[in-house]
Amino acid sequence: MKYIDEFRRRDLARQLSSAIKKTVDPEKHYNLMEFCGGHTHAIFRYGVQKLMPDNVSYIHGPGCPVCVLPVGRIDNALQLVNEHDVTLCTYGDLMRVPASGLNSLLRAKARGADIRMVYSAMDALNIARENPEKEVVFFAIGFETTTPPTALIIKQAQAEQIKNFTVFCNHVLTPPAMRSILGEPENSGQDRIVIDGFLGPSHVSTIIGSRPYEVFAEQFYKPIVIAGFEPLDVMQASLMLIRQINEGRHDVENEYTRAVSRNGNRKAQALVAEVLELRPEFEWRGLGMVPKSALKIRSEYAEFDAEKHFNMPPVHSSDVKGCECPQILRGVKKPTDCQLFGTICTPENPMGACMVSSEGACAAYWTYGRLS
Amino acid sequence: MNKKRFPVRLNIRNNVIDMTHGSGGRAMAQLIEELFVKHLDNDLLRQANDQAAFNVPGGRMVMSTDGHVISPLFFPGGDIGSLSVHGTINDVAMSGARPLYLSAGFILEEGFPLSELEKIVASMAEASATAGVPVVTGDTKVVEKGKGDGIFITTTGVGMVPEGVQISGDRALPGDAILISGTIGDHGVAIMSSRENLEFETSIQSDSAALHTLVADMVTAVPDIHCLRDPTRGGLATTLNELAQQSSVGMILDENRIPVNPSVTAACELLGLDPLYVANEGKLVCICAREYSQSLLSIMQAHPLGHNAAVIGEVTDDPNGFVQMQTRFGGSRIVDWLSGEQLPRIC
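Heads up: the sequence lines are chains A and B, in that order. Start counting the first sequence at 1; every next residue gets the next number (the working numbering). Start counting the second sequence at 1; every next residue gets the next number (the working numbering).
So here's chain A without its partners, still in its complex pose (with noise of 0.2 Å):
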């Protein structure tokens, strides 16, 4: 596949392992922060850990939209689908993230709730438009990536003068996330995990842009270089990490220039600020109430919020007892550190949000890592 193979090259991979296994300082330990679920993907799926040097880790971050969003919204979401008998749209691999009480939508589907999986926000509204006396709600998530296609099915929505489609807006940021990571005490504690630099976001940073980066690289110290996901990606800027952390520099540079730019995708920005406005905070699940990190729906757009339309309550759910989600979302702890690691929380029967999603730190451990 052309644009995809070249980033997979066998032999630019071995160049590339070598030049890092020159560059690493033999004295030093570096400690990679990869932010996002497809990074992730790709470092287990690729066997890239086996061509790194054993003094460079992989922590992986938070990045996976599905893992940080919080029990209590998929709570809501059963409520509504329990309470006012709705169509409920949602992304694949969200279908199996636990709610409270060992329920999960996948569950609540099966005792008849109508719960569709779509693949883009488009088909939810295309339920809608087919299905007029039903009413439609799309449980939309996922960071900026994600945000542009919801803002736009909301403006379609009121185009059309759809009445019966609201939206259950979960979209989160980035920026905030790792702001609250930086700022957590674990980070510059005495038994920290110190993460020396930042493998930075792929697809989100295609609509923000590397801009909302630098201040980060000022305030905390920290190299940031975006990387897209494809291996090669990973290995080139986890080089050029090494690079800036061996000459003390902390500078967001860009090692994703085909598709990033400073200052990112403006027309979809422009579109997103339009229908959504930042949320005072939001629960992330492994980070707790976050400060502007979440976008709800402009009161221009009220008649598709699902929260207004359905008068939806706060649920404040707390986490499964003994889960160290939140530990291993902040990079302090391993998967395998967690007591419920491969004993109650598997694949097949998640607890923590980190074990559902393919790319969620805990089900990538235990689909590759096992063995190293």
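To be clear, the hints were calculated from the coordinates, so they are not data collected in a lab. Bear in mind the structure is a predicted one, so any value in this text is a computation, not a measurement. Where hints are given, some of them may not hold.
Unchecked claim - Per label pair, the in silico range of CB-to-CB distance:
# : chain 1 : residue 1 : chain 2 : residue 2 : range
1 : B       : E144      : A       : S261      : 53 to 61 Å
2 : B       : D149      : A       : K50       : 19 to 27 Å
3 : A       : K292      : B       : R257      : 45 to 53 Å
4 : A       : A19       : B       : Q294      : 34 to 42 Å
5 : A       : P53       : B       : Q246      : 36 to 44 Å
As the list claims (entries may be wrong) - With the Cβ distance kept under 10 Å, some of the chain A side facing chain B (calculated, not the full set):
#  : residue
6  : R9
7  : S17
8  : I20
9  : K21
10 : K22
11 : H41
12 : Y119
13 : L232
We put the CB at the ideal spot given by N, CA and C, even for glycine.
With chain A fixed as given, assemble chain B onto it according to the hints.
Just chain B now, kept in the frame of chain A:
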């Protein structure tokens, strides 16, 4: 049978299945005669008994059953009818056996168009005639509307294992070679490409096929094949994990050698799926002693259903039963069981 019993012929073009077609009365008899027997006709079926009686040679007999509930019913490269024939023939053949006869049980939903039923039964008939394995007995039930999904077909097959052949999932030994008969993932991608909410243009056809003649060539050449299995649901990865667990061995694969159709790779890329976990319906995995692997490979490649066959790895000594893979990229990873359903990733 006396055709005058049904003065008005079944209106296949316009009518649908109703509850009388499963009631055991005249309507059911007419459906059987004018649709099922018409297409699947053979001496045993025509006897119209509740069972088929036949002679078998002495030796080891195998029996296998498989339910088919696929959606959509018709897909590029096949339909539920041909699939229900191929699936059970393959399950029988994976013991090394020569499949002899099939039975078919139909569960039909009230309201299902007779025209579609006829298309499916005609396709079964063609698949069964091509394979030389007749459907000799069957059963029809009708469920109320909403209690089925159009049509479900369960087929059972019997076959005879040639003398000296002892194929079983627990016989893989460290050092054995692992072979695959062709490209992986074609069936699953063909199905996905025709699902209602996911139509995308692809030239990929399902690989649905009866593999018993390929198996016959293989066991004739190498009677001491250790394991054979068709990697259907869960794909190659899941099948290899099953075999590794049954035999208490590990496996090491070479990703470079696993044949994947470029369109399948592209579709999987787009959907966020891994071809190793995508279903096949016309492929087999074979495990044999290393010294036989090259001769077996040539035999497979000489057969039309095995011309893309390849040796993809070897069995290792690992009581944990890990299946590992050298990636094309140059790294290595574990290839685990499929967990749950393969769900597309959000980003």
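Verification of the hints:
1. B:E144 with A:S261: 53 to 61 Å: 59 Å, holds
2. B:D149 with A:K50: 19 to 27 Å: Since the Cβ atoms of B:D149 and A:K50 sit about 45 Å apart, the hinted range of 19 to 27 Å is violated.
3. A:K292 with B:R257: 45 to 53 Å: Because 51 Å falls inside the window, the suggested range holds.
4. A:A19 with B:Q294: 34 to 42 Å: At 39 Å between Cβs, range holds.
5. A:P53 with B:Q246: 36 to 44 Å: 38 Å, holds
6. R9: Check passed: Cβ of A:R9 comes within 8 Å of chain B, closer than 10 Å.
7. S17: It holds, given that the least Cβ distance between A:S17 and chain B is near 8 Å, below 10 Å.
8. I20: Not OK, violated: A:I20 not within 10 Å of chain B, min 13 Å.
9. K21: 14 Å, violated
10. K22: Since the shortest Cβ distance to chain B is 17 Å, the answer is violated.
11. H41: For A:H41, the interface hint holds, since the closest Cβ of chain B sits about 7 Å away, which is under 10 Å.
12. Y119: 6 Å, holds
13. L232: 8 Å, holds
Violated hints for the displayed structure, listed by number in ascending order: 2, 8, 9, 10.
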